[in-house]
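Chain A is fixed; fit chains B, C and D onto it per the hints.
Given next are the chains, with one letter for each unit.
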Amino acid sequence: MDLHEYQAKEIFRGAGIPVPPGKVATTPEEAEAFAREFGGMVVVKAQVHSGGRGKAGGVKLAKTPEEAREHAARILGMDIKGLTVHKVLITPAEDIDTEAYVGVLVDRNSQAPMFMVSAEGGVDIEEVAHTNPDAIRKLTVDPRYGLLPHQAYWLANALYDDPGLIRQAQKVMGQLYNAFVNAGASMAEINPLITTPGGQVKAIDAKVSIDDNELFRRPEIEAYRDTSGEPEAETEARDADLTFIKLDGDVGCCVNGAGLAMATMDLVKYYGGEPANFLDIGGSSSPEKVVNALKIITADPAVKVILFNIFGGITRTDDVANGIVEATRNIDIDVPIVIRLTGTNEELALEILKNAGFEAYTSMDEVVSKAVELANRA
Amino acid sequence: MDLHEYQAKEIFRGAGIPVPPGKVATTPEEAEAFAREFGGMVVVKAQVHSGGRGKAGGVKLAKTPEEAREHAARILGMDIKGLTVHKVLITPAEDIDTEAYVGVLVDRNSQAPMFMVSAEGGVDIEEVAHTNPDAIRKLTVDPRYGLLPHQAYWLANALYDDPGLIRQAQKVMGQLYNAFVNAGASMAEINPLITTPGGQVKAIDAKVSIDDNELFRRPEIEAYRDTSGEPEAETEARDADLTFIKLDGDVGCCVNGAGLAMATMDLVKYYGGEPANFLDIGGSSSPEKVVNALKIITADPAVKVILFNIFGGITRTDDVANGIVEATRNIDIDVPIVIRLTGTNEELALEILKNAGFEAYTSMDEVVSKAVELANRA
Amino acid sequence: MSIFIDENTRLVVQGITGRDGSFHARQMMEYGTNVVAGVTPGKGGQTFEGPDGRTVPIFNAMDEAVASTGANTSVIYVPPAFAAGAVMEAADAGIDFVVAITEGVPVLDMARAHAFARDRGTRVLGPNCPGLISPGKAKVGILPGQIVAPGPVGLVSRSGTLTYEAVYHLTTAGIGQTTCVGIGGDPLIGTKFIDCLAAFKDDPDTKAIVMIGEIGGTDEQEAAEYVKENLDLPVVGFIAGQTAPPGRRMGHAGAIISGSAGTAAEKMEAFEANGIQVAKRPVEIAELIRAALQG
Amino acid sequence: MSIFIDENTRLVVQGITGRDGSFHARQMMEYGTNVVAGVTPGKGGQTFEGPDGRTVPIFNAMDEAVASTGANTSVIYVPPAFAAGAVMEAADAGIDFVVAITEGVPVLDMARAHAFARDRGTRVLGPNCPGLISPGKAKVGILPGQIVAPGPVGLVSRSGTLTYEAVYHLTTAGIGQTTCVGIGGDPLIGTKFIDCLAAFKDDPDTKAIVMIGEIGGTDEQEAAEYVKENLDLPVVGFIAGQTAPPGRRMGHAGAIISGSAGTAAEKMEAFEANGIQVAKRPVEIAELIRAALQG
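Residue numbers (our numbering), protein chains in the order written: chain A, 542 to 919; chain B, 542 to 919; chain C, 127 to 421; chain D, 127 to 421.
Quick caveat, the hints were computed from the structure, so don't treat them as lab data.
All residues carry an ideal CB built from backbone N, CA and C; glycine is no exception.
Among the hints, a few may not be true.
Pairwise CB distance ranges, derived in the manner of DEER restraints [stated by the list, open to error]:
{"hint": "1", "chain 1": "A", "residue 1": "P704", "chain 2": "C", "residue 2": "E395", "range": "42 to 48 Å"}
{"hint": "2", "chain 1": "C", "residue 1": "R145", "chain 2": "A", "residue 2": "E763", "range": "23 to 29 Å"}
{"hint": "3", "chain 1": "C", "residue 1": "R374", "chain 2": "A", "residue 2": "N673", "range": "26 to 32 Å"}
The list that follows gives simulated cross-link-like pairs (lysine to any residue, SDA-like), each with its CA atoms no further than 20 Å apart [to be verified]:
{"hint": "4", "chain 1": "A", "residue 1": "K743", "chain 2": "A", "residue 2": "E551"}
{"hint": "5", "chain 1": "A", "residue 1": "K911", "chain 2": "C", "residue 2": "K406"}
{"hint": "6", "chain 1": "B", "residue 1": "K787", "chain 2": "B", "residue 2": "D543"}
{"hint": "7", "chain 1": "B", "residue 1": "K564", "chain 2": "B", "residue 2": "G595"}
{"hint": "8", "chain 1": "C", "residue 1": "K406", "chain 2": "A", "residue 2": "D906"}
{"hint": "9", "chain 1": "A", "residue 1": "K830", "chain 2": "C", "residue 2": "R145"}
{"hint": "10", "chain 1": "D", "residue 1": "K169", "chain 2": "A", "residue 2": "L706"}
{"hint": "11", "chain 1": "C", "residue 1": "K169", "chain 2": "B", "residue 2": "G705"}
{"hint": "12", "chain 1": "B", "residue 1": "K679", "chain 2": "D", "residue 2": "G385"}
{"hint": "13", "chain 1": "B", "residue 1": "K712", "chain 2": "C", "residue 2": "G168"}
{"hint": "14", "chain 1": "B", "residue 1": "K712", "chain 2": "C", "residue 2": "F208"}
{"hint": "15", "chain 1": "B", "residue 1": "K679", "chain 2": "D", "residue 2": "S384"}
{"hint": "16", "chain 1": "A", "residue 1": "K679", "chain 2": "D", "residue 2": "N186"}
{"hint": "17", "chain 1": "B", "residue 1": "K810", "chain 2": "D", "residue 2": "E395"}
{"hint": "18", "chain 1": "D", "residue 1": "K169", "chain 2": "D", "residue 2": "T143"}
{"hint": "19", "chain 1": "D", "residue 1": "K333", "chain 2": "D", "residue 2": "A275"}
{"hint": "20", "chain 1": "A", "residue 1": "K748", "chain 2": "C", "residue 2": "S386"}
{"hint": "21", "chain 1": "D", "residue 1": "K333", "chain 2": "D", "residue 2": "D358"}
{"hint": "22", "chain 1": "B", "residue 1": "K836", "chain 2": "B", "residue 2": "E777"}
{"hint": "23", "chain 1": "A", "residue 1": "K748", "chain 2": "C", "residue 2": "G385"}
{"hint": "24", "chain 1": "C", "residue 1": "K354", "chain 2": "C", "residue 2": "Q403"}
{"hint": "25", "chain 1": "C", "residue 1": "K354", "chain 2": "C", "residue 2": "T344"}
{"hint": "26", "chain 1": "B", "residue 1": "K810", "chain 2": "D", "residue 2": "V404"}
{"hint": "27", "chain 1": "D", "residue 1": "K263", "chain 2": "D", "residue 2": "N160"}
So here's chain A without its partners, still in its complex pose:
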């Protein structure tokens, strides 16, 4: 789960990281009032779960409270990569001497948290990794020991030469690691970590992703969840314990298993179609799940055909067939449904489906090419 900048900053502040103050405004008037409160120049920053806010015009400097209001009026409601901005963060503008990058994430290879830091901050770290990989210092943290003081020093030493700045940054490294672990994060990033002309180190942007698997024991972080910007269907799917991602095509896909779901989407494309979504109904395909899945798929007006691809391993495919039949009785669906069921009890399942008037297949290639044909014809 991605956090908003202002939420990530709350976590960082709690860990002791020097973060400038900030207030969240949902109206231009609030934005103006907060800017007045802070005095001086402020930055108005769109709070949205997407990168590239700056390029999209979602981050603006305001010299006066009135200007802050004008910026907020323009940014609130703005669409950034398909997500709507509902909140802006108002924060005093800082004098910046240098900008560095500090991030920690879970590294697959070392099976451990890994720091990446670079004196070249304020830009996309992937860009730096690409153009100037030597500018990035990496450190794997042994989870049995945590970040050790000399390791924090070594990281800080990659950013600065001045002993005073190194000492501040060394402290920030330890605080960031603690914030990362205590929040159950999969990624925590300060970009940029700035130095001011007065010799202060400060985190002026913050990005944190929480490991979804940690949320059950961190209700205070689950409470940070903000679905206001995301497609309604994805919110509904999560509530129904389905994994759903909206895409731009017209073939609605309903598959058991993430790998098979991806392969199904790929095959739609292979046969000249475009998938309307990724949807994994998971291992136990109860009728209720099938109902919810169908509701979510059919809510998308772009969908021209619904494609089921179910491989019954432990799951009995006759159960799934019954689920589909039951589900379609209760939902009014005006697009064709094509179904592929194979594996455990497939004869029984195909019988059930045919009796209910569905086109049923046992081959994945057949069903997908049929679905694409129907979509392209519609």
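Chains B, C and D in isolation, oriented as in the chain A frame:
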């Protein structure tokens, strides 16, 4: 630093361990009021840094508030192993089904925390270790991982057969370990951990020793320090950064280094004397330290002779000699002082001392036998 | 032969009295896996009723189970909050091979558990994996036994049902398997492609390998280099997620394209560059393997 | 020969710009120890002025110091709050032998640091120890160089000044030493009696051993058994604290009689039961060693 039972219980409660409520009374009237507040039977328990409170009459059951007052009146001011009782803990009496022992301490051999648990609780665990070592289950905790759930289960399983009790005790193990680590303890003990007829596991006594080396970063635990029961000289010595322990003899000892200090005491005994104290003035023997050491030794009316034993390694013995001369100028001392100084710059040091009229030696055996002779003669 | 499990596997089911644990314990016993013990704290001394009147003793803890039954392998069906602890308990009890089926295990829990298992020389498969099956010998996990058959192909995959799809095509084409391993879709997994490839390399019965990857990470790329440098066997690869959008987690926690890294295209290129034949559709996997085995 | 340090020792002083670090760095250089680097974060690039116009480069961190100078040994004079971290930094930089002089290091800090050093195969002496000296070759720590002399006796002790006392008697009696090691008085020390005894065993020049213990713990008892089982050399022992009251910490954090365990009487009995001659007074140590060497 040893904590009082009520302090240890505060730490345990903070860690989530089920500890019955309790209030600390410093007068019989307070004790009566708290007993009335709790209702029912209460236990009145002397809060003193010493084992064997029960045998000494420092723990009493009271059926009524009046009885609690009477017990408190008897216990407050009581002397237990040389320590005066200034506080009593009033706590509701519990119905007890079984009594177990749970302790964790730092183990030298494994260089790690070690749990010791036994279903035979409520008695001295050393006694159990002696008479029935198989009744104790031990577990070393790898400090890189902390106490793991299956290890906590294994410990709890040594205490109980009932799954419900095991589950409660498993939780207590984890909480106790966290309390131990977070307090910077060298020992934390629940004895007894009881079960009630209702199937509840509770800690009804608590003992915690803090690693003195941890106190600098735990002011909230340093604040627990209660010197009211200990000899005044030991409090003064600690404030002066000296290690001092009062003993029963008449030869006041002032030595640099703990090992040499012990060996000096032993030699006093060997020559037929009795040391009045252990005193280590440490590595850097500044005049101020010598002054403080002399003040503390001479405050003991039993002291009949003062024995210095200084081996100058890095320490220059002429510095120490000057310190002694300076110190004795400012303190009125009416017992003889004998001094052994050897090592770096000893010729110079002996010269300084002789000029100031002191008896000075270079042999440890000579000076100790001389000191004993003077003490026995006095 | 086969890898990781076979007729010598002596299995403990951790969480045997739970809904999933009991169901799959029976499935594994029916397949012929030697299930020697179950563990559920607080239920020690009870007996698990398997198929055909067979029973399995239940213990409170892994150390007791191992001491009493000589178990060498365990499979974990406990809830996510306790799964990492179960891995460590198994490793501490001396289990050689732990298969963690549980989905939704916190990643930082697993970082510690993997370190712990490494310290003790215990191999972990998963978590969040379907397990593995050595056809005709043993199955550990949730892979369906009816779609596999003994034969010369080693299969390793990050996916569950997609693996069934591939195995199904192989088996219906008359091509059996030595072992099919589902390594799981989490970011931190105990056994990776390379570990399986190395094991297949040492298995004389494995004559060809199927490797089914997906978007996210660089394990497939590294595996491809390993193949080129170390393997003489034909290898067929497939990558799911060619149409996945960047930055979105595709079901599996590890299946996410971060920026420009971990795309299907990148992985398919790495396969081809290192001599691995790439199947464009699942059905092609069996076709390419057949050709390879005949070649 | 000698143990742990000799003419091949290349020493880094961690905390070289502090009060104690700078003083003892000079003392060690004067004795002839090859001090190749100092470390103080934030002072990298500066130069430490040693005796006789000699200088030592200062680095910000251990990895830099080791990379630049090929150091193999370090000695720690940093404050207690940072000492365990300094041990881990040294181990991480590949140092073989770390001598931690600092007193007052939190015991649980050291539990982690010792584990870390074990993981990396680094030997730690201390903390809260006076260090060691191989007469005529090198000294690391705070033991006074003027009281030792080269010769056939290995000495190991938990104490500081009591060690000086024993060494002084040996040297004035004309008996020199191979190495004198102060292992320190803390509960968790990295190098114990047994480790030193094993090292002396492998040193052909060590012909007799002095072992100076004190109350607390059971290290002396275990060492005594080790002596009986493994050593052919004569060993003379001394225990301080015969008059110590139970339950009171006698200066050293580790010097405490817990209940009936760790008393001087118990340790002296263990010495005698295992063929170690027990000196009743410090002065007897040299007398017994002289007799042993002549016998």
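Within 20 Å, alpha carbon to alpha carbon, are K743(A) and E551(A)? It holds: about 14 Å lies between the C-alpha atoms, which stays within 20 Å.
Check whether the Cα positions of K712(B) and G168(C) lie no farther apart than 20 Å. It holds: about 14 Å lies between the C-alpha atoms, which stays within 20 Å.
Is the hinted pair K830(A) and R145(C) satisfied, with a Cα-Cα distance of at most 20 Å? Within the cut-off at roughly 19 Å; holds.
Taken at face value, is the distance from the CA of D543(B) to the CA of K787(B) at most 20 Å? holds (17 Å)
Agreement of K748(A) and S386(C) with the hint, judged by alpha carbon distance not exceeding 20 Å: holds (19 Å)
Tell me if the straight-line CA distance from K169(D) to T143(D) falls inside 20 Å. Status holds; Cα separation ~8 Å.
Between the alpha carbons of K333(D) and D358(D), is the straight-line distance 20 Å or under? Holds, because 9 Å separates the two Cα atoms, which is no more than 20 Å.
Please work out if K263(D) and N160(D) have their alpha carbons no farther apart than 20 Å. holds (9 Å)
Hint check for E763(A) and R145(C) - Cβ pair distance inside 23 to 29 Å: holds (25 Å)
Is K712(B) within 20 Å of F208(C), Cα to Cα? OK: K712(B) and F208(C) at ~14 Å, within 20 Å.
Does L706(A) sit within 20 Å of K169(D), going by the straight-line distance between their CA atoms? Holds - the C-alpha atoms of L706(A) and K169(D) are around 13 Å apart, at most 20 Å.
Could you grab the alpha-carbon distance between K679(B) and S384(D) and see if it respects the 20 Å cut-off? Roughly 17 Å between the alpha carbons, so the hint for K679(B) and S384(D) holds.
When each numbered hint is compared with the structure, no violation occurs for any of them.
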